[in-house]
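Trainee: Given next are the chains, with one letter for each unit.
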Amino acid sequence: MKKLMLGNEAIARGAYEAGVKVSAAYPGTPSTEISETIAKYDEVYAEWAPNEKVAAEVAIGASISGVRSMCCMKHVGLNVAADPLFTCSYTGVGGGLVAVVADDPGLYSSQNEQDTRLIGRAAMIPVIEPSDSQEAKDYMKRAFELSEKYDTPIILRTTTRLSHSQGIVELEERKAPEDKPYEKRIDKYVMMPGMAKKRHLYVEDRLNRMAADLSADPLNRIEYADKKIGFITSGIAYQYVKEAMPNASVLKLGLVNPLPDGIIREFAANVETVYVFEELEPAIEEHVRAMGIKVIGKEIFTRQGEYSANLLRKAVLGEEPSEAPMAGLPARPPVLCPGCPHRSVFSVMKKLKLHVIGDIGCYTLGAVAPISVIETTICMGSSISTLHGVEKAKGKDYIKNWVCVIGDSTFLHTGVNSLINSAYNMSSGTVVILDNSTTGMTGHQQHAATGKNLKGEPAPAIDLVTLCHAIGVKNVRVVSAFDRAALTDALKEETAREELSVIICKSPCVLLKGNVFETKIRVNGEKCIGCGACITCGCPALSKDENKKAKINPEMCNGCGLCASNCRFDAMEVMEVVK
Amino acid sequence: MSVNIMIVGVGGQGTLLTSRILGGIAIEKGYDVKLSEVHGMAQRGGSVVTFVRYGEQVREPIVEEGQADVLIAFERLEAARYHHFLKKGGVMIVNDVVIQPITVISGATQYPVDVLDSLEGKYKIVKVDANEIAERVGNQRVFNTVVLGVAARFMGVEKEVWLKVIENTVPPKTVEINKKAFLTGLENR
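Going down the list, the sequences are from chains A and B. With our numbering, you'll find the first sequence wraps up at 591, consecutive numbering, no jumps. With our numbering, you'll find the second sequence wraps up at 342, consecutive numbering, no jumps.
None of these hints come from the bench; they were simulated from the model. Treat the hints with care, since some could be wrong.
Here's a subset of chain A near chain B, in silico, CB distances under 8 Å, partners left out [stated by the list, open to error]:
1. Leu16
2. Arg173
3. Ser177
4. Glu255
5. Ala321
6. Pro337
7. Pro345
8. Cys349
Heads up, the beta-carbon is just placed ideally off N, CA and C, and yes, glycines get one too.
For reference, chain A alone in the conformation it holds in the complex (with noise of 0.2 Å):
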């Protein structure tokens, strides 16, 4: 049977008939549908675990205990799991392990743009990777038998563009291996100095038999055409020299870590100019040109974003579509949706005049304009460190007009730790922890704190406030999101404060199911003088018409109030929805 598929689909599809039968993970762009599909079969044991490094730990788990087992996560993901991953290289695994990593090339959604394959070959662990939906499923099912084969974790890496396209694949039965029994084996899982040393000249030699070994495999192959041009490509970048240059012969590589000499020799003795064109850093490049052979590669080839066909075309033949874009046409960027609780929440901080260390979510737009509150944003959970160092740095009563916010699922991720050492290290910051009872923008995910699992069934809620309260803060009120009389009182208090105190700003996503407010703002053309303080909380419902009064576009207003709390005029009106 054929199906259309997202990339992110076909990997799950992938591993459901490879026989996995564990899977965890953290949701992160684009790598959340992985899971979201995989938790379908009734036959695999999927799970949200509170961050990455968990996740990597409950496969390499259920890998020592004899089954196949996945975690999945996105770039910056890889280097929360790091550490678990990197000593798994040594162990090697029991039942097959896969760690699926998707790049970001292009920052579609995420703050940097790492590549996985230069943190694969830190780590000593095979890296392989398809170009479209159907090898994205067959190389799934590869990597197990290669993990098990070599006994090796091993990475598959995708990146947005791969994962979010649809293509056809064929779909076949689910084939589970023989679960196979667990093996006491110090030497081989238990990663002190005396073991670790020999396991280290293992998988040394382990990365020596597979670039040999693999050399030859499907994995990698070679399309003579043209032997004046050859690329050395792999990945989505492939597709983009079919389609630039189809007379082209190409050797594309699957397996991109540890690198197939074999192959790479035989390509370039067959064809007289060899380029090199892979997304983000020159991984193959440096390797070829240290195995003595000429190549074109970043020198004309950027390491920034996402490449195409046509940014093939231009860099080799010169190629330039004859239409530009046209100039000077406003930019749309992201905004947080009318009726998000988040928006309410900055702009009383923004009355306050307050210094705001923001962390990863929806509401890392409140950066900018017109909400342009936020100053910081680095990794998940380091808002709450951050501001304990700025503390540490300039002391308590510089920070009094200073806050971090962090999301409830970022809380849960990484942020507890943060917050154990803020209580530890008496620091007297204020953490504003923005529960929206969800994990907002990578589409709405549960965690431990929502009451259900990855599978949709009920599961235990962790008490956002009992649990601060255990890790030794004092101070820890709930405030709703759009009491703004109340979360001012309670912003004023708390940073005046000289103790570490939390404020829970509870109010769900407008997003989720069910949470619609019955209400809706209508403007007094009478009443409204067309001041535009309304505007500046940066809802994309408001606008002003040709008469600068305030429009509210209808369709996309939730009816939160907000803009009408603005209004010194009262000239926003709140009208009951009949439902």
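Guided by the hints, dock chain B onto chain A, whose structure is given.
Mentor: Below, chain B alone, put in the same frame as chain A:
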């Protein structure tokens, strides 16, 4: 050769659903097909682009500058932003409504109301107020299916195939209204 379609709009306008219907059409007609979608941060009210390509064999999943046969735009400014992706003489279907971006709302810049005027003659431009038509059909939210109906006039696929694919793609409760919206766009009612 492949047919290259590009759907552009504002996050939340349903470009994904439209591209998935087009993907279903390609499958139904027995073509190879690739779709490229946008998930994550960009969806939050930002400018979004999805691509559909079908033909004998499709390589890259994206449509690039100068290659689109059809550009379906759910908003006027977005039509202008991506016009150069069209081939010379390509078809531009525009839902001729204005959604002000935050950069305009905040007063940082002006919305260029006559932004499409300079493109007349370059492409075959069809403007439609699909929001108004959708309202008339019975639900403002199916405006994107109205626009798809207009685009279908230029695509040479049988009406029955469209209706079958729509039935298989949209949420079950909305099948009838989506069919009605599609036909209204297709037949210019």
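Trainee: Could you run down the list of hints and mark each one as holding or not?
Mentor: Now the hints, each set against the structure:
1. Leu16: 5 Å, holds
2. Arg173: For Arg173 of chain A, the interface hint holds, since the closest Cβ of chain B sits about 7 Å away, which is under 8 Å.
3. Ser177: It holds, given that the least Cβ distance between Ser177 of chain A and chain B is near 4 Å, below 8 Å.
4. Glu255: Hint holds; Glu255 of chain A Cβ to chain B Cβ min 4 Å, cut 8 Å.
5. Ala321: Since chain B brings a Cβ to about 6 Å from Ala321 of chain A, closer than 8 Å, the hint holds.
6. Pro337: 5 Å, holds
7. Pro345: Holds, about 6 Å.
8. Cys349: 6 Å, holds
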